[in-house]
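In case you want the letters, here they are:
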Amino acid sequence: MTNSKANRQNPREPASELLPEEIYARLQAQTRRHFLRSFTAGLGTMFLGTLAPPLVSSSMAGEIDTNGMRRLDFTRDPKSPLAALPPQFAPRAKRVIYLHMAGAPSQLELFEHKPELTKLDGQDCPMSFLTGKRFAFINGVPKLLGAQYPFHQTGQSGQWISDRLPHLAKHIDDLCLIKSMRTDQFNHAPAQLLVQTGDARLGHPALGSWVLYGLGTENQNLPGFIVLLSGGNSPDGGKQLWGPGFLPSVYQGVQCRSHGEPVLYLDNPPKVSRSLRRSMLDAIDQINQQSYSEFGNPETVTRIAQYEMSFRMQMEATDAMDIRKEPDAVRAAYGSKPGESSFANNCLVARRLAERGVRYIQLYHWGWDSHGSNAKEALNIGFADRCREVDQPMAALLADLKARGMMEDTLVVWGGEFGRTSMRENRGGQAMTLIGRDHNPGAFTIWMAGGGVKPGITFGQTDEMGYEIVKDPVEVRDLHATILYILGFDHHKLNYSYQGLDQKVTGVKPSRVVADVLA
Amino acid sequence: MFWHDHVRLRRGWLSVFHEFMTLSVHNFSSRVWFGLLTLAPILILPVLVLLAPPDGNERAQLLQFFGRFHVLAIHLPIALLAMAPVLELAGRSRHFPYLLPSAGFLLGVATCGAIVAAVLGWCLARSGGYSGPLVTQHMWGGVAVAFAAWLCWVFRARSSESHLDPVYAIALLATVGLVSFTGYRGGQVSQGENHLTEHMPAQLRPLLGLPASEISETISSNGGPATFYAAHIQPVFTGHCVGCHGRAKHRANLRLYSYNAVMRGSKHGPVIKAGDPKGSKLFHRVTLPPTDDDFMPAQNKPPLSPNEVKLIELWISAGASGTQLADSVKDLPSDAAPLTAVAEVNFEQFDPVAIAKQRAGLALIVAQLQQRFPGALDYESRGSADLVINACLLGSKFGDNDLAALAPLSEHIVVADFSGTAITSSSSSALSAMKRLRSLRLMHTKITDATVQALAPLSQLESLNLFDTPATPAALTAIGHLPKLRHLYVHETKISPDAPMSEAMKEKIIF
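These protein sequence lines map, in sequence, to chains A and B.
Position 513, counted from 1, in the first sequence is what the working numbering calls 1535; the numbers after and before it change by one each time, with no gaps.
Position 506, counted from 1, in the second sequence is what the working numbering calls 574; the numbers after and before it change by one each time, with no gaps.
Note that these hints are calculated values from the structure, not bench results.
A few of these clues could be false.
[As the list claims (entries may be wrong)] BS3-like cross-link-like pairs, simulated, lysine-lysine; straight-line CA separation at most 30 Å:
{"#": "1", "chain 1": "A", "residue 1": "K1101", "chain 2": "B", "residue 2": "K465"}
{"#": "2", "chain 1": "B", "residue 1": "K574", "chain 2": "A", "residue 2": "K1192"}
{"#": "3", "chain 1": "A", "residue 1": "K1476", "chain 2": "B", "residue 2": "K574"}
{"#": "4", "chain 1": "B", "residue 1": "K378", "chain 2": "A", "residue 2": "K1476"}
{"#": "5", "chain 1": "B", "residue 1": "K425", "chain 2": "A", "residue 2": "K1476"}
{"#": "6", "chain 1": "B", "residue 1": "K552", "chain 2": "A", "residue 2": "K1192"}
{"#": "7", "chain 1": "A", "residue 1": "K1476", "chain 2": "B", "residue 2": "K465"}
{"#": "8", "chain 1": "A", "residue 1": "K1493", "chain 2": "B", "residue 2": "K346"}
{"#": "9", "chain 1": "B", "residue 1": "K425", "chain 2": "A", "residue 2": "K1515"}
{"#": "10", "chain 1": "A", "residue 1": "K1476", "chain 2": "B", "residue 2": "K552"}
{"#": "11", "chain 1": "A", "residue 1": "K1476", "chain 2": "B", "residue 2": "K503"}
{"#": "12", "chain 1": "B", "residue 1": "K465", "chain 2": "A", "residue 2": "K1347"}
{"#": "13", "chain 1": "A", "residue 1": "K1347", "chain 2": "B", "residue 2": "K562"}
{"#": "14", "chain 1": "B", "residue 1": "K349", "chain 2": "A", "residue 2": "K1493"}
{"#": "15", "chain 1": "A", "residue 1": "K1531", "chain 2": "B", "residue 2": "K369"}
{"#": "16", "chain 1": "B", "residue 1": "K562", "chain 2": "A", "residue 2": "K1192"}
{"#": "17", "chain 1": "A", "residue 1": "K1515", "chain 2": "B", "residue 2": "K369"}
{"#": "18", "chain 1": "B", "residue 1": "K576", "chain 2": "A", "residue 2": "K1192"}
{"#": "19", "chain 1": "B", "residue 1": "K378", "chain 2": "A", "residue 2": "K1515"}
{"#": "20", "chain 1": "A", "residue 1": "K1347", "chain 2": "B", "residue 2": "K514"}
{"#": "21", "chain 1": "B", "residue 1": "K378", "chain 2": "A", "residue 2": "K1493"}
Taking the hints into account, I'd like the entire structure generated from these sequences.
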């Protein structure tokens, strides 16, 4: 009744009881000519409609993406943008711990045993190695450089490893070594961006952001993508390495500190109680809600969610990051000392975060750029220190995950952004006093462990100098596709519409899942 | 008219031919010209069929190009010939007398159409890789139809408005019969031999003396379902290949409708090399990348599934026997487990409608429990109705009563994590009811040996985590018999590496 009254008051809308007459009057105006015209034109339109390629707008909204595949739905309640979603198919792992050795460790001093190169140590590098190549620092004709450290075979799989990683060597049968990684970037920042975001240019989401977007996170009291730094410096690629790119910024990595407050300004200031903080947040939320209903900017929702998460994190994050709560024996195994910012502490924190359901834990350890230009960057000095810093914690992390049964559903990835040359660096064409190697995008080694990868194998092969790939090259995008597959996704289908394209982490070049490394 | 008059005068049986023989060229009417011009190709047609029959080889592009228009061209003469008797009858009724004169013109056009269709048909059959009795019969049928249409056109002159000549009427009916026969054979060639009965309702099939379903027919005609070939291989060929490599069409002279035909091979020789899948042409062609020109099935027909490829590989490796028994081949790929190919992975595809159907029964309970345990319960994947429960984030808030609430879903839970929860041994029976569990985590809980022993019926269990629990070596005996168990985590329990245990257990246990 109230409705019809309201209608009557509005002269532009016919009252409901007049509607049949209105319809009748309109039908009276319809002639056979109208019918024939709209019928034939309509038929033609329907037919043409089936022929036309889907328009951009319908593709954006519809079920089919620009790759012509059925779109997966990643929409969530705006209030919980990080809610967990099931993967596309049954996953082999549900979380990732990625240990990025920023600066690119030398594979020839760690995993690539090349006796032929050692034999030719000190000889002039053949011209075929140099023509058509670009180097960061090598000039003229450099000398070949053999391995600086002795190698030995170990484990049941009998894989070669150098004496710099004695702890990790005990886990060699758990590692899946990929010795044929390849990149097309020979400078740190773009190469790191390529490894971490799938593109050498700025503005693309980190792999962790993609994973968080696809799977969400189980623990709503912690960020789903946490970044921990060590080695005294940030990686060259900067914070873009864990940036959300064009994804909503709620999916960005959250950089945590491994001592003090894990996230700066997370604690309440003195004399501010938790309930006061709560009512403050409620007021801010209201204002943000208003702004959202007015402008509909998804970033506003992100902001609300971030405030809420920070509030929840006050308790849980502090607890998760507090390695003093670990027994002494565990801390000793990692070689971690509370209060300092070390790779060891970060590894232990990584395990604690993994236990608490954090989806993607990214560690960076800086200082692997062994050019030989100074002591810290020399293969014979600084490099050995770096190895010592990471060897025991990595091994402890693997052992710890294994004992807790978490290797079954955690994928651990270790690697740099490119490899190093088989030639000794001769910066400016001069012989250098310290020993170092230049950047080699043509071949580098990474390893993976846990979550559905074959343990104790080597995939891919480089030539006798360890300089170029001779078998089974793996592009960075192939690695991404493989990681996503392990997490239960077809990399073509984990996509996000941006600038008229269904963007994906593997980009537009063909990429494949490296099936041979899957158990 | 000249022709008309003569026929009227002399109604001898062969009068029409007599006219051709006796008339001088200068006196030919347009009608005679037409008759002669159409007769010429009709006489050439059987020569073509005899001297250049379809032999299963593919030929010149141009010939194929024209040949493909056959299917387009045949429908006009078919319809016109079917229409001719209708016009003859209707035109003699009171209502449609004006139709009668058009029947002759109709037959003339039909004759031309039949000739064009028949010539194009020969192009297609000769160049498109066809051979076999069906094609041959279809071709002779086509030639006969063209000639019959021509005869009808000629004989029609014997009839008048008042009189329907019996010879003409019979010729007309015979032509329609011929058209039906030829059209049916043509359908068999292009759509498959049983294209009319393939989807016939099962109730009607016995009326025609057909077996109850198509599949059983295939099996019984290949030496009984007991052989591996009949049970697994022939259905693949029947499903994907016989459209082009069957009884009717023998593309590349290859026939895949029976074991003997398969082993006979193609015009290039055998396609199966017993014991050597990689060396077998057939296997090679179906395993090429789909974009390859040589990939089979060709022309964007649906490719063989990985399982079907695997079956063929198994069959060839095992000697490509036609008599090997089905149950003697082990390691058959099952439909449930996706095949991890060596070089490429298969992204599992799923049908959202089918999944929704599978989930329908439990969706309501799942939704309720998701409300109760936020973030703890979900489907394993988007393509599955199996459930994963992860209660470890609920911590001590999750107790025995909460676990009991999962009871309606017990059979659907495949992965369960109760680490750090407050569950105790009273949950033993609730846990043992989760019969399909693959992975169970009980880290940091108070569960005892009694609970572990209750897990004995979990035949699917692959991983059991007892890290930091009161479990003792006594628990080992019960779970030692779990058939699929691969990992048992006992760090920080009373179970030490010195505890007595079987050798098999030593390989699974992780301290």
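Take a quick look at whether K1476(A) and K503(B) sit within 30 Å of each other, Cα to Cα. holds (28 Å)
Keeping to a limit of 30 Å between CA atoms, is the pair of K378(B) and K1515(A) held or broken? holds (27 Å)
CA of K1347(A) to CA of K562(B), is that 30 Å or under? holds (23 Å)
When you check the alpha-carbon spacing of K1101(A) and K465(B), does it fall within 30 Å? At roughly 24 Å apart (the allowed maximum being 30 Å), K465(B) and K1101(A) satisfy the hint.
Taking only the CA atoms, is the gap from K378(B) to K1476(A) under or equal to 30 Å? Distance ~22 Å between K378(B) and K1476(A) Cα, so the pair holds.
Restraint status (C-alpha distance of K425(B) to K1476(A) at most 30 Å): violated (35 Å)
Is K425(B) close enough to K1515(A), meaning Cα to Cα at most 30 Å? holds (23 Å)
Are the Cα positions of K1476(A) and K465(B) separated by 30 Å at most? violated (37 Å)
Holds or violated: K349(B) to K1493(A), with C-alpha atoms at most 30 Å apart: The given pair, whose Cα atoms are some 27 Å apart, holds under the 30 Å limit.
Does K1493(A) lie within 30 Å of K378(B) when you go C-alpha to C-alpha? holds (26 Å)
Would you mind confirming whether the straight-line C-alpha gap from K574(B) to K1192(A) stays at or under 30 Å? holds (19 Å)
Quick one, are K1515(A) and K369(B) close enough, alpha carbons at most 30 Å? holds (24 Å)
Hints 5, 7 from the earlier list are contradicted by this structure; the remaining hints agree with it.
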